[in-house]
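Using the sequences and the hints, build the whole thing.
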Amino acid sequence: MEGAKIIIGSIEKHGVDRVFGHPGGAVLPLYEALRNSSLTHVLTRTEQGAAHAASGYARMTGKPGVCIVTSGPGATNIITGIATAQADSVPLVVITGQVQRDRIGTDAFQEADIAGASEPFTKHTYLVQDAADLPRIMNEAFHIASTGRPGPVLVDIPVDVQKEDVQAENDPSINIRGYKPVFKGNRKQIKAAIAALEKSERPLICAGGGILCSGSRTPLNIFLQKTGIPVVHTLMGNGAVDMDLPNVMGMIGSHGHLRAKQALKESDLLIIIGARISDRATAGGHIFEREKIILHIDIDPAEVGKNIETHIPIVGDAGDVLIYMLKHMDFTKTWDWKPSRTPSEAVVPMKSSPDRLDPAVLLHHVSEKADSDAIFTADVGLNQIWAARHITMSGKRRFLTSGGLGTMGYGLPSAIGAKMAAPERQVFAVMGDGGIQMSLGELGTLSESGEKVVILLLNNQYLGMVRELQDNAYGVDCRHGVYFKKGPDFVQIAEAYGLKSAHAYNMESFGKILEQSLCGQDSWLIDCRIDPKINSVRRF
Amino acid sequence: MKKRILSVLVENRAGVLSRIAGLFSRRGYNIDSLSVGTVDDPAFSRMTIGVTANDWQTEQIMKQLNKQIPVIKVAELLPEDSLIREILIIKVSATVEHRREIKDLADIYKASVLDVTQNTMILEVTGSEKKIESFIEHIRTYGLLEMARSSSVGMQRGTASF
Ligand SMILES: Cc1ncc(C[n+]2csc(CCOP(=O)(O)OP(=O)(O)O)c2C)c(N)n1
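Line by line, the protein sequences are chains A and B.
FYI, the numbering for the first sequence is 544 to 1083, going by the numbering used here.
FYI, the numbering for the second sequence is 14 to 175, going by the numbering used here.
Note that these hints are calculated values from the structure, not bench results.
Bear in mind the structure is a predicted one, so any value in this text is a computation, not a measurement.
For glycine and all other residues, C-beta sits at the position ideal for the given N, C-alpha and C.
Each hint should be verified, as a subset may be incorrect.
Said to hold, decoys possible - Label pairs and their calculated CB-CB ranges:
1) A:ASN713 with B:SER38: 36 to 42 Å
2) B:SER38 with A:ASP879: 57 to 63 Å
3) A:ARG1022 with B:GLY28: 54 to 60 Å
4) A:MET544 with B:PRO55: 26 to 32 Å
5) B:ASN43 with A:ASP811: 36 to 42 Å
To be verified - Just some of the chain A residues that point at chain B, by a computed CB distance under 8 Å:
6) ILE687
7) ARG720
8) PRO844
Take a look at the structure:
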């Protein structure tokens, strides 16, 4: 069988129904095999867009997202998307075309050592030298991407390998000597954790993105209900905890909630589940302010103890550990303690400019109007912080954002991928005017797809978050390089791509446009004129 | 911070060395020494990596190494229960009147003579880092012309094996 057919057949076999890509000469055989397959191809406008869309798709289906791009510039263009997926543990199988085997290493036209270049940003890479290896390599790539701590796997395939005809035996058995992820948490350690918890007075749970990628949202929320233990979450853990529960303390980190920080400060035992406790999440040092016992549950042993000293490490799948705890705990004791000081963080609309919108008020309104299983993506910047803080994650809502790498341009393509994975759910993309300009072309992808996404463009004519950082560090009269003197008319751009669009200058007009956008099947871009003075977090 | 020696069994494939080396450089750790050679099964290589790191850093390095798919096994070679060797080839100036002395010195260190010319001798010595340092110090007095020194290779004593 031809190499290209083996590759496409393998993608089909792994239950993935579409691939995101941008072709070129080095993947012509693959595209020919694709044309004759059951797979849908989504032509994104950039390779980075393909990776982000695949990421949105992967996060909603739980299956690896697949991208196909050409060699050289196609491959280098996708690196940011790969690194973004790696930082947030999103499973991707990235297929890059490569120059033919006998030209590798000659600086041939459109040759790039992509396996080498992407090596720091991938879970694993392959350079395929023989088409006969393809069935095994493709199986391994899907297996590695989706098991243990998920992540991107890159498979670089020379164009002549794609054309090579081989006797392909499809042996699905996988035996990779150096890769045996631990799924089942050590029972003794879990029992030690239960014992420590039962002794503690003020335990706190910190839920990270690992809850979502392991699909253990349900056991976590049952555990929270039964025990009453207060819970905080990280940015990536937004949506892991049902915010309707009374014990939810909010988000930790540099842009987190004061109540969450207070809870961290006062707890005597902290159970970290599927969170890597990054520098952003620990900003402020509240975790360390009081001596406490630390339990860390993570599928990646290298995360346990990396950023915080752990007393009871548990390596394993969050769901497996939580279910075991649910079975073996005595639920007579509950722990519904509250932090002593619970600062109020109510949303008070800014009164200063009547013709400018307050993002907090706007997003609260969206949060109320949106379905209980809506998917929200957020780009990077102030818009991301506002979305994380002001959209309530109750019900089955999901929040997708680039938390680890903080990649601008993620919000729009990931929303497209998420919508394709879950066409029956509402999808909103919260974007800044800087970030959307990094992925404008994907408006075309969206328009062509026929899927409906509502883009909430929080337009402050600034690289808002950098503006805020400059204000804080150097003073308000020292801004540099953050102002869009001539922002485009996004409504015209959206319309040119065939999308519905309107400007919103105040809550009244916004409310009407939102209502209109929620009916019907059309995608919308709402250009919301945001007060440029508003910072990430307002405290009263 | 302490000098450490890690023994890492890896798949013998293109790109594996750079992946391993990249792990150290990305974390800002300098590799003090590195040697790689295949083991009896040519599908695998053993890397002996020297690094200066504290306990916590060493644990992180070992966890990150273990995370790599081409890595089969990682162990720290503790000086108490391992054998760690380097090889040194050294060229010294050796006129006729000094040859005997140099040969005597070489014998003490169990070094062998690889080559002799009118004015030079090339010697080879195997041993611990300390022994090699000491040998260099002594031989230096005759006029050190050139040297090539390998990095460490090592393994654990006893039945421990991988
Ligand atoms: C690709 C990329 N380049 C640069 C940055 C640095 N950065 C972080 S936030 C930000 C500003 C984002 O501005 P905008 O998209 O308008 O959103 P706002 O903060 O105004 O909501 C920038 C430039 C980044 N995160 N990603």
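Verification of the hints:
no., hint, verdict
1, A:ASN713 with B:SER38: 36 to 42 Å, "holds, 39 Å"
2, B:SER38 with A:ASP879: 57 to 63 Å, "violated, 49 Å"
3, A:ARG1022 with B:GLY28: 54 to 60 Å, "violated, 45 Å"
4, A:MET544 with B:PRO55: 26 to 32 Å, "holds, 30 Å"
5, B:ASN43 with A:ASP811: 36 to 42 Å, "holds, 40 Å"
6, ILE687, "holds, 7 Å"
7, ARG720, "holds, 5 Å"
8, PRO844, "holds, 6 Å"
Violation of the numbered hints given earlier is confined to hints 2 and 3; the remaining hints are satisfied by the structure.
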